[in-house]
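Undergrad: Listed here are the chains, written in short residue letters.
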Amino acid sequence: NAGVTQTPKFRVLKTGQSMTLLCAQDMNHEYMYWYRQDPGMGLRLIHYSVGEGTTAKGEVPDGYNVSRLKKQNFLLGLESAAPSQTSVYFCASSRRTDSEGAGELFFGEGSRLTVL
Amino acid sequence: GIQVEQSPPDLILQEGANSTLRCNFSDSVNNLQWFHQNPWGQLINLFYIPSGTKQNGRLSATTVATERYSLLYISSSQTTDSGVYFCAVLSGGYQKVTFGTGTKLQVIP
Numbered sequence: 279n280a281g282v283t284q285t286p287k288f289r290v291l292k293t294g295q296s297m298t299l300l301c302a303q304d305m306n307h308e309y310m311y312w313y314r315q316d317p318g319m320g321l322r323l324i325h326y327s328v329g330e331g332t333t334a335k336g337e338v339p340d341g342y343n344v345s346r347l348k349k350q351n352f353l354l355g356l357e358s359a360a361p362s363q364t365s366v367y368f369c370a371s372s373r374r375t376d377s378e379g380a381g382e383l384f385f386g387e388g389s390r391l392t393v394l
Numbered sequence: 019g020i021q022v023e024q025s026p027p028d029l030i031l032q033e034g035a036n037s038t039l040r041c042n043f044s045d046s047v048n049n050l051q052w053f054h055q056n057p058w059g060q061l062i063n064l065f066y067i068p069s070g071t072k073q074n075g076r077l078s079a080t081t082v083a084t085e086r087y088s089l090l091y092i093s094s095s096q097t098t099d100s101g102v103y104f105c106a107v108l109s110g111g112y113q114k115v116t117f118g119t120g121t122k123l124q125v126i127p
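Protein chains in written order, with the working numbering: chain V, 279 to 394; chain R, 19 to 127.
Do not take every clue at face value.
As the list claims (entries may be wrong) - Selected chain R positions facing chain V (in silico; Cβ < 7 Å):
hint, residue
1, G59
2, Q60
3, P68
4, Y91
5, Q113
6, F117
7, L123
Said to hold, decoys possible - Some chain R residues well away from chain V (every beta-carbon gap over 12 Å; in silico):
hint, residue
8, I30
9, T71
10, G75
11, T84
12, Y87
13, S100
Source of the hints: derived by calculation from the structure; they are not laboratory data. Ideal Cβ positions, reconstructed from N, Cα and C, are used throughout, including at glycine.
Here chain V stands alone, though its shape is the one from the complex (with noise of 0.2 Å):
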């Protein structure tokens, strides 16, 4: 029972190199989100998925793009890495409940992306 996995848990890259997230889940959510934490802070909203071929932007999406081209994955891009992305990344799933809303998230282990 894997839950949320993101692949890969630890990349380096240089300024102006382009990288994907990948964000998987077997719990048949329909709701995904990804997050960004900066030291010493909290979670930040980047983009969010409601389904699949759906997607909307949180607190903080500039720099980024994502994708939900299947109802399992989602993905978060960095096409051009500039050093205040920086982070670790975490990409949640949940459940839509019956009123619409958001159910319990779940997180996977996070994506430590460092950008020189």
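Following the hints, position chain R against chain V.
TA: Just chain R, lined up with the frame of chain V:
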């Protein structure tokens, strides 16, 4: 957007002591969760508690949604309780989850 504030920001406890962590939010919410982020960075689900009281071992939580706060109680603290405790609330069309600022807890032997 909704504001979520946690207090205290930092807490140091002697092993065996009890503590209460607070989460205040600025608007009505549909759901609330408490998480523990351990020293290795993992986010562990503690409680999913939109209202009422729940208990799990030494931990319990109470949410009073009408008064816009939630409390997390830790009794007989252990060194393994160290880490950061976050509350997270559901807002913004019921799909967006916003995190609080966190309480950093250190339990010393």
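Undergrad: Hint by hint, which ones does this structure get wrong, listed from lowest number up?
TA: Numbers 3, 4 and 7, in rising order.
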